[in-house]
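Asks: So the sequences go chain by chain: A and B.
Position one of the first sequence corresponds to residue 1 (the UniProt record's numbering), numbered consecutively onward.
Position one of the second sequence corresponds to residue 1 (the UniProt record's numbering), numbered consecutively onward.
Among these hints, one or two may not hold up.
[As the list claims (entries may be wrong)] So the derived label-pair ranges between C-beta atoms look like this:
{"hint": "1", "chain 1": "B", "residue 1": "P182", "chain 2": "A", "residue 2": "L70", "range": "23 to 29 Å"}
{"hint": "2", "chain 1": "B", "residue 1": "E436", "chain 2": "A", "residue 2": "K146", "range": "50 to 56 Å"}
{"hint": "3", "chain 1": "B", "residue 1": "M152", "chain 2": "A", "residue 2": "S177", "range": "41 to 47 Å"}
{"hint": "4", "chain 1": "B", "residue 1": "M152", "chain 2": "A", "residue 2": "R59", "range": "32 to 38 Å"}
{"hint": "5", "chain 1": "B", "residue 1": "P214", "chain 2": "A", "residue 2": "F150", "range": "38 to 44 Å"}
{"hint": "6", "chain 1": "A", "residue 1": "S176", "chain 2": "B", "residue 2": "V435", "range": "38 to 44 Å"}
{"hint": "7", "chain 1": "B", "residue 1": "A170", "chain 2": "A", "residue 2": "H178", "range": "32 to 38 Å"}
[As the list claims (entries may be wrong)] Using 27 Å as the maximum straight-line C-alpha spacing, the simulated DSSO-like pairs for lysine-lysine come out as follows:
{"hint": "8", "chain 1": "A", "residue 1": "K107", "chain 2": "B", "residue 2": "K156"}
{"hint": "9", "chain 1": "B", "residue 1": "K121", "chain 2": "A", "residue 2": "K146"}
{"hint": "10", "chain 1": "B", "residue 1": "K82", "chain 2": "B", "residue 2": "K59"}
{"hint": "11", "chain 1": "B", "residue 1": "K382", "chain 2": "B", "residue 2": "K313"}
{"hint": "12", "chain 1": "A", "residue 1": "K124", "chain 2": "A", "residue 2": "K45"}
{"hint": "13", "chain 1": "B", "residue 1": "K82", "chain 2": "A", "residue 2": "K146"}
{"hint": "14", "chain 1": "A", "residue 1": "K131", "chain 2": "B", "residue 2": "K150"}
{"hint": "15", "chain 1": "B", "residue 1": "K150", "chain 2": "A", "residue 2": "K107"}
{"hint": "16", "chain 1": "A", "residue 1": "K146", "chain 2": "B", "residue 2": "K313"}
{"hint": "17", "chain 1": "A", "residue 1": "K124", "chain 2": "B", "residue 2": "K373"}
{"hint": "18", "chain 1": "A", "residue 1": "K118", "chain 2": "B", "residue 2": "K210"}
{"hint": "19", "chain 1": "B", "residue 1": "K197", "chain 2": "B", "residue 2": "K82"}
{"hint": "20", "chain 1": "A", "residue 1": "K124", "chain 2": "B", "residue 2": "K150"}
{"hint": "21", "chain 1": "A", "residue 1": "K86", "chain 2": "A", "residue 2": "K118"}
{"hint": "22", "chain 1": "A", "residue 1": "K68", "chain 2": "A", "residue 2": "K86"}
{"hint": "23", "chain 1": "A", "residue 1": "K131", "chain 2": "B", "residue 2": "K81"}
{"hint": "24", "chain 1": "B", "residue 1": "K210", "chain 2": "B", "residue 2": "K121"}
[Said to hold, decoys possible] If the Cβ cut is set under 8 Å, some of the chain B residues that face chain A in the computed set are:
{"hint": "25", "residue": "L155"}
{"hint": "26", "residue": "S160"}
{"hint": "27", "residue": "T163"}
{"hint": "28", "residue": "L165"}
{"hint": "29", "residue": "S166"}
{"hint": "30", "residue": "I167"}
{"hint": "31", "residue": "L177"}
{"hint": "32", "residue": "I523"}
Rather than coming from a laboratory, the hints here were simulated on the basis of the structure.
Idealized CB from N, CA, C, for every residue including glycine.
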Amino acid sequence: MDADPRHYEHVLLGNDEIHSVVLSYLVHNCFGETVESFTSCTGLKLPANCLEDMEKRKRIFHFAIEGKALKAIEMTEELSRDLLEKNTDLHFELLSLHYVDLVSSRKCTEALEFAQSKLAPFGKVEKYVKKLEDFMALLAYEEPEKSPMFHLLSLEYRQHVADSLNRAILVHVNLSSHSAMERLIQQTAVVRQCLNQEQGKDALSSFSLQDFLKS
Amino acid sequence: MGGVEDENGPATKRMKLSPGVLRGLIDGLSSVEFVPNSLGDLMARPLAIEGDDEVVGSKGVIRKVELVRIITEALYSLGYKKSGAFLEEESGIPLHSAVVNKLIQQVLDGLWDESVATLRKICLLDKNIVKLASFLILEQKFFEFLDEDKVMDALKTLRSEITPLSINIARVHELSLSIVSPTKCAYVGSSNQSGTKEKSRSMLLEELQKLLPPTVMIPERRLEHLLEQTLILQRDACIFHNSEDKGMSLYKDHQCGRDQIPCRTLQVLQAHTDEVWFLQFSHNGKYLASSSSDCSAIIWEVDSHGELCLKHKLLGHQKPVSSVSWSPDDSELLTCGNEENVRRWSVPSGECLHVYEKAGNGFVSCGWFPNGKRMCFGTNDKTICMWDLEGKELDCWKGQRTLKISDLEVTKDGKQILSICREGAILLLDREAKVERFIEEDQTITSFSLSKDNKYVLVNLLTQEIHLWNIQGEIKLVEKYKGHKRTRFVIRSCLGGLDQAFVASGSEDSQVYIWHRGSGELIEALAGHSGAVNCVAWNPTNFHMLASASDDRTIRIWGLNDAKIKQKGPAIHCNGVHYCNGRA
């Protein structure tokens with residue numbers, strides 16, 4: 001059973017609501033110029049410092065994605081001194097980005113020294129030991145890209161860390177860690193899934209976002 | 001050989017080769033080195049000594065080469081280096097081939113790369129073993145670098161030598177971790193502050209030896225191990241083995257005689273005025289408690305000569321006393337009246353400390369928890385309950401249980417309670433895990449007893465069979481014992497003797513039966529009583545003392561055939577009657 005599209009007509013949406021959803025998405029992802037033109041077109045007001053904050057976040061995010069973790073850390077600490085202290089997982093991940101960068105550039109000695117000075121202290125806490133082991137394992141291979149830990153060198157990993165950092169900063173300035181758009185889509189998917197299950201549909205026809213968007 | 005000539009010794013058949021012959025041997029081989037003190041200088045081939053298939057021993061199953069080699073190894077293990085070397089020379093059978101000797105030396109000297117290379121030359125090894133062994137050696141190399149703070153060298157070893165072996169990936173990762181977190185890793189030759197390089201290298205050798213096939217490197221102390229095996233087999237086969245001090249000797253096969261089993265009545269204790277139903281020794285073997293249908297229980301004391309005399313008569317029950325139970329520290333005794341109350345007595349004074357009753361119900365069995373502060377009672381309303389010493393009921397388990405006849409035992413760790421719960425089943429209740437297990441029999445169970453190590457349960461059946469069950473893990477039947485008679489009454493049996501290697505049981509034909517537990521063989525049927533023997537108990541600290549309780553109102557104490565009975569003065573305090581000769 002798919003919802004009858006005519007039912008949608010009963011849901012009233014104001015322009016403001018839709019605009020704010022779009023805006024939150026743009027701000028979350030630091031599309032500075034787009035935000036400017038969007039706000040001027042729609043007449044929405046931005047909170048003070050929003051553009052500046054976005055700019056900073058954008059730079060931090062890009063440093064992280066490019067693997068320039070030390071720069072990212074430096075800027076984050078300028079933004080807020082205790083953010084990384086409070087998010088030790090994130091801190092570890094950022095440091096690991098730099099380490100991974102050294103490993104990929106085959107700077108083994110530097111990587112080792114960096115690991116010894118910056119990463120090893122995390123090893124005192126039980127939950128980091130396994131992660132530390134995984135990263136250190138990269139050094140055991142002359143071609144780390146071919147090791148079982150190759151995923152740690154990948155773009156996906158860097159993106160994951162950059163995303164986490166972005167969200168942490170947003171939370172820090174009291175914004176939501178997820179954009180409204182994201183949340184809405186996620187919620188829709190979950191609700192559809194539940195409905196499917198309740199209606200006794202077999203697992204094969206579980207909700208697919210792609211299909212929904214195409215329809 | 002250029003060995004030392006023993007001019008003074010008797011002429012021995014020593015193989016002397018002139019240098020010319022030696023050279024001839026060598027020229028004929030494509031060998032690489034000549035190690036001067038070893039005759040069999042055959043490098044990468046298995047030791048092809050003349051007469052390799054020669055056997056010794058009457059059954060033709062012992063290969064001479066193997067025998068000599070393990071003797072040589074034994075000599076070295078015992079520290080007789082010279083003798084070991086001499087035997088190698090005299091027999092012409094080297095302990096290890098030269099290549100293995102080289103490997104051993106290289107490992108002890110820490111020449112890692114060379115030892116890995118030598119490994120490859122030992123042709124009896126398959127590729128996997130070579131890799132595993134190389135891994136162990138390189139690990140040692142890695143850790144020795146770390147110990148010396150040569151971190152980059154260690155890393156290089158890891159990257160270029162260890163990882164390429166492509167085995168033990170998880171271990172490789174642990175090694176990488178240990179570069180930055182040294183404490184997280186334990187390794188074969190783990191040298192701590194007090195350890196030395198020599199020690200850790202010897203440990204590495206031991207590990208290598210376990211890895212390599214025994215033909216290449218003989219396991220250490222192999223001869224010792226073989227001899228131990230034999231001695232233990234002999235001991236297990238000895239069905240009369242009941243004394244600690246009968247040490248085992250290598251000089252002759254171990255076989256105890258019957259004289260180790262109690263078989264002679266040493267004392268007849270006549271103090272009860274009716275059938276004696278139950279008896280049990282205290283845990284320390286210093287006391288015996290007996291209970292009777294004359295509504296009393298008696299505590300007997302065992303003196304230093306092994307004689308018993310009456311210490312206290314415990315009166316108070318109005319019904320026959322069906323069982324007794326010693327507290328874990330032997331200071332108190334519980335007696336259970338048949339479907340009546342349970343009384344707690346002080347052993348030193350004999351006074352009744354407490355009477356436990358449950359309104360409207362009677363108790364049928366009792367037991368202690370290991371901390372001595374809680375007790376367990378079986379009630380005739382099909383429940384098992386736990387009480388504290390003051391008389392407060394703490395817990396209760398309902399279940400299916402038969403009435404009257406019911407034994408109850410608690411394991412030493414306090415975790416399990418065993419009780420007969422149906423005609424043909426014993427319940428093992430795990431209190432904490434709330435798990436119930438069962439011993440199931442096709443026949444009705446009349447009584448059971450738990451072994452000292454709590455791993456086995458001896459079950460008496462209606463059909464005149466006694467079954468031994470293993471209750472660790474999966475419950476399974478281990479052995480059956482037959483021969484005694486049981487038709488109408490409850491007959492009890494128990495385990496006893498050294499390592500509880502024997503099963504003893506009463507019987508309606510008035511005899512005491514003893515079987516060897518492991519083999520199930522009936523060893524003795526002791527006559528003497530003139531009524532059914534209801535219960536037997538083996539002294540837990542004196543394996544030569546057995547007690548039996550009978551319908552003839554007496555208790556008999558059995559001991560060894562050659563036990564000397566010291567004549568005491570007038571037996572004022574004792575109610576025991578002494579017998580000197582034979583059986584009465």
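Asks: Run the structure past the numbered hints and jot down the numbers of the failing ones, going up.
Replies: 6, 9, 10, 11, 12, 13, 16, 17, 18, 23, 28, 29, 30, 32
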